[in-house]
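The listed protein sequences correspond, in order, to chains F and L.
Residue numbers are given in UniProt numbering: position 207 of the first sequence equals residue 207, and the series is strictly consecutive.
Residue numbers are given in UniProt numbering: position 231 of the second sequence equals residue 231, and the series is strictly consecutive.
These are computed hints drawn from the structure, not numbers from a lab.
Heads up, a few of these hints could be off.
Examples of chain L residues toward chain F, derived with CB under 7 Å [to be verified]:
no., residue
1, Ala-135
2, Leu-139
3, Ala-143
4, Leu-147
5, Arg-151
6, Leu-161
7, Arg-163
8, Met-293
9, Phe-333
10, Pro-346
11, Pro-363
12, Ile-366
Ideal placement from N, C-alpha and C gives every residue a C-beta, glycine not left out.
Single-letter residue listing:
There are 2 protein chains.
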Amino acid sequence: MGISVDTFFLELNGQGTLQAQIQQMIAEGILSGRFHVGEKLPSSRKLASHLGVSRITVTLAYTELLANDYLTARGRSGYYVSENAPVPPKYTPIQRGTETVDWDKALARRFVDSDVLPKPWNWRDYTYPFIYGQADRTLFDHANWRLCAVRALGHKDFESLTRDYVDQDDPLLIEFIARHTLPRRGISARPEEILITLGAQNALWLASRILLTHNHTAVIEDPCYYALRSLLNHWDCAVVPIGVDKDGLPPEALPDETDVIFTTPSHQSPTTATMPITRRRQLLDRARDLDAMVVEDDYEFEMAFLGAPSPALKSMDRDGRVIYVGSFSKSLFPGLRLGYMVGSEPFIREARALRSLVLRHPPGHIQRTAAYFLSLGHYDAQIRRMSKELSKRRDAMDKAIDEYGLSVAGRGVMGGSSMWMSAPEHVDMSQLARSLQIQSVHIEPGAPFFAGPDRPQNFYRLGYSSIAPDRIAPGVKLIADAIQTQ
Amino acid sequence: MGISVDTFFLELNGQGTLQAQIQQMIAEGILSGRFHVGEKLPSSRKLASHLGVSRITVTLAYTELLANDYLTARGRSGYYVSENAPVPPKYTPIQRGTETVDWDKALARRFVDSDVLPKPWNWRDYTYPFIYGQADRTLFDHANWRLCAVRALGHKDFESLTRDYVDQDDPLLIEFIARHTLPRRGISARPEEILITLGAQNALWLASRILLTHNHTAVIEDPCYYALRSLLNHWDCAVVPIGVDKDGLPPEALPDETDVIFTTPSHQSPTTATMPITRRRQLLDRARDLDAMVVEDDYEFEMAFLGAPSPALKSMDRDGRVIYVGSFSKSLFPGLRLGYMVGSEPFIREARALRSLVLRHPPGHIQRTAAYFLSLGHYDAQIRRMSKELSKRRDAMDKAIDEYGLSVAGRGVMGGSSMWMSAPEHVDMSQLARSLQIQSVHIEPGAPFFAGPDRPQNFYRLGYSSIAPDRIAPGVKLIADAIQTQ
């Protein structure tokens with residue numbers, strides 16, 4: 001590819017002759033790694049006219065650079081960056097002078113947070129990746145996804161690809177979710193009650209932004225998905241963590257000042273507890289008494305391979321107080337960034353307006369591709385295939401855990417894709433997770449899921465959605481051995 | 001496609017016999033439009049096992065529905081929704097009971113805003129669509145975009161498609177923007193200084209969220225992009241609109257308490273004024289004196305077909321106080337939702353963390369597709385083609401405006417894709433825009449761009465990025481005629 005003439009600028013009041021300035025500009029481009037070996041320079045005519053200098057000035061600059069081996073000439077076709085030119089390994093722009101902005105003052109709000117789970121970038125290189133929530137190359141129906149994506153790139157779908165939806169969504173996707181996806185959770189919703197989001201994270205963010213201000217109290221489960229805690233910390237509201245038990249969030253523990261309850265009834269995250277139906281009723285009753293809203297994160301209901309999933313909390317909601325959050329990240333892949341929320345129309349109307357301010361709408365092509373993948377039945381087939389395979393892995397997990405004597409703190413009664421584990425109390429699993437990396441074992445320490453400063457250090461999560469079944473037993477053995485030696 | 005067994009739930013304590021409940025469930029599915037004609041029902045064996053009832057109960061229910069013509073049987077292959085079943089035109093879920101949530105109380109924050117520009121959903125059906133910022137089917141290189149998208153769906157790119165980037169971006173796209181796109185604006189930036197955003201709107205939102213709190217003062221241009229004003233209204237900061245002149249934002253008018261300045265120096269939005277280089281220096285000097293940050297929205301620099309675009313304000317920034325916002329919405333298509341921001345590392349670090357909380361990252365497939373489209377040179381070719389065509393349309397605009405005596409309030413000296421127009425003071429262009437719709441003319445009234453209650457009503461914007469050249473003159477004539485009769 002040629003180097004565009006538009007990347008050349010003469011400095012106003014630049015130093016030296018025009019020719020020298022042009023030479024320097026090109027040499028700097030090469031030295032900084034911005035121009036690569038073999039890239040073609042603009043013709044002298046073009047560059048001269050662009051910079052408003054005479055053509056001979058540019059020609060002289062080029063000739064000089066040719067002599068210095070920065071450039072090479074190929075007959076009539078022009079000038080190229082020479083193979084002999086000094087080339088740094090990577091583009092490193094010339095350092096600007098020292099910046100003078102006082103960032104402590106300029107940054108009115110801070111968001112960088114050390115409280116995130118370290119996820120190794122290269123987890124696929126691990127022999128025993130007990131990682132959670134990543135796509136398994138062997139399970140994802142890549143071929144059909146590609147076919148659907150290609151179809152959504154066709155001329156017929158030009159509108160859905162390119163259009164500015166402003167605050168709207170792809171009607172095809174919305175209709176499918178209303179007709180097929182939500183009924184599986186016992187939920188009936190009209191299109192006006194559904195909003196597509198950029199993943200579940202985006203849905204949780206939107207809901208919390210709308211429902212909470214500084215004089216509100218939000219209840220979260222403890223332990224819980226740490227990114228939820230991080231985002232709530234920015235709304236200046238009170239955040240009350242309530243310890244979960246084997247049935248999930250206990251409704252009687254909700255404080256009287258509760259305004260919004262964030263809960264994961266299908267599979268509590270991360271303990272995997274499923275809330276029984278009687279407790280769900282109690283939770284909704286308690287929410288009614290408190291006049292509190294409920295945000296239900298139903299992040300992996302599809303992974304129910306051990307029994308029919310119970311209907312969502314939302315399906316039992318007669319008041320309109322449950323906001324339901326769903327996601328395709330676990331069942332398709334996380335890089336898709338596609339989720340949805342369901343709520344009463346007054347709420348979705350606000351969420352739609354807020355989403356429009358923040359990001360307009362999830363890209364049209366992705367929405368249409370998902371609509372095709374769902375409506376052609378590939379999604380259901382994929383879920384069946386995943387369930388079958390996850391069921392196998394779950395068996396292997398159960399066996400290995402039994403054999404090597406690890407201790408389970410929670411395992412989904414209906415399936416799921418991870419187990420919540422505990423080591424003896426004196427074991428620091430964050431440290432152990434780090435040392436297991438050397439043996440190519442990746443596990444997730446549990447401490448970041450807990451609220452407050454005195455977090456138990458002895459919990460950890462074993463995801464089995466991305467590890468091959470035959471790796472499970474040897475991996476579990478390595479973990480058991482490591483815990484033994486503590 | 002078959003109807004999934006998972007969409008069937010028996011109510012706890014449901015009314016009537018089990019058989020009656022099953023019949024009712026299916027009939028309701030059909031009557032509500034959730035099940036479509038020809039869709040296959042689960043086998044009686046499957047449904048029975050899913051619901052935990054005996055198979056004969058399901059069979060009896062099916063037989064009854066067959067007799068009532070809701071279902072039809074096709075030999076051994078099973079039961080289908082009958083063609084004779086009553087079908088409503090659209091899925092309308094059975095109404096739930098009256099909801100009891102008090103939304104005035106539950107919605108802690110409101111975002112619905114009447115102050116948005118009405119954009120007709122069907123603008124492509126207009127004969128004279130003087131619309132702004134939409135993709136032109138005849139100019140966009142759909143074929144090569146598709147090729148790049150398909151390549152990005154290949155096995156080699158499985159990782160960039162599916163992975164959870166958490167707070168990171170596609171390194172290919174970042175590298176290309178650093179090496180090729182930003183140098184065109186005179187900007188040199190390291191990868192750590194660049195963040196991909198979900199369009200320019202998302203970048204403006206992130207920047208304002210980080211830089212502003214309640215005791216801050218933000219300066220905006222007046223008139224300005226109305227969605228910027230809407231989003232600033234939610235940070236509880238003071239927002240001071242400063243009237244622009246023919247050179248854009250006048251630096252001497254900035255109040256002493258200014259903390260953040262939002263500006264569009266390349267093409268002021270919507271007046272199209274280009275800020276001269278001397279004023280840019282003054283603006284940066286004034287910002288330094290005020291110790292204020294500057295957010296530069298460079299939303300359509302590519303559309304410079306009448307002269308070389310001047311380098312971005314950011315290229316002159318030695319302090320690190322300019323946050324640069326770029327977008328591919330105008331040059332590619334708005335449904336892509338892809339933009340980027342450039343700033344000093346301390347700022348980008350916060351923006352990265354905030355983006356991660358709000359939406360994680362723009363979908364990997366879109367980032368990789370754009371990286372291919374850019375690096376294979378299709379983007380440059382597309383810009384050249386668009387520039388050529390826009391230049392033609394601009395000529396047609398100039399001629400028609402001259403001929404029919406419309407009055408131009410601003411037209412980009414370097415190009416652009418719209419003109420800022422004024423009618424005589426007594427003309428209400430919002431009203432006129434509505435009445436022009438009947439003649440299949442779409443224009444954008446200017447009032448929503450202005451701040452405050454006393455907005456001039458006589459301005460309007462004529463976009464020429466989506467209208468065929470031969471439609472321009474007759475369209476302008478219709479507008480001129482309409483203004484005449486006022």
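Next item on the list: Provide an ascending list of the numbers of those earlier hints which the structure does not satisfy.
Entry: 2, 3, 4, 5
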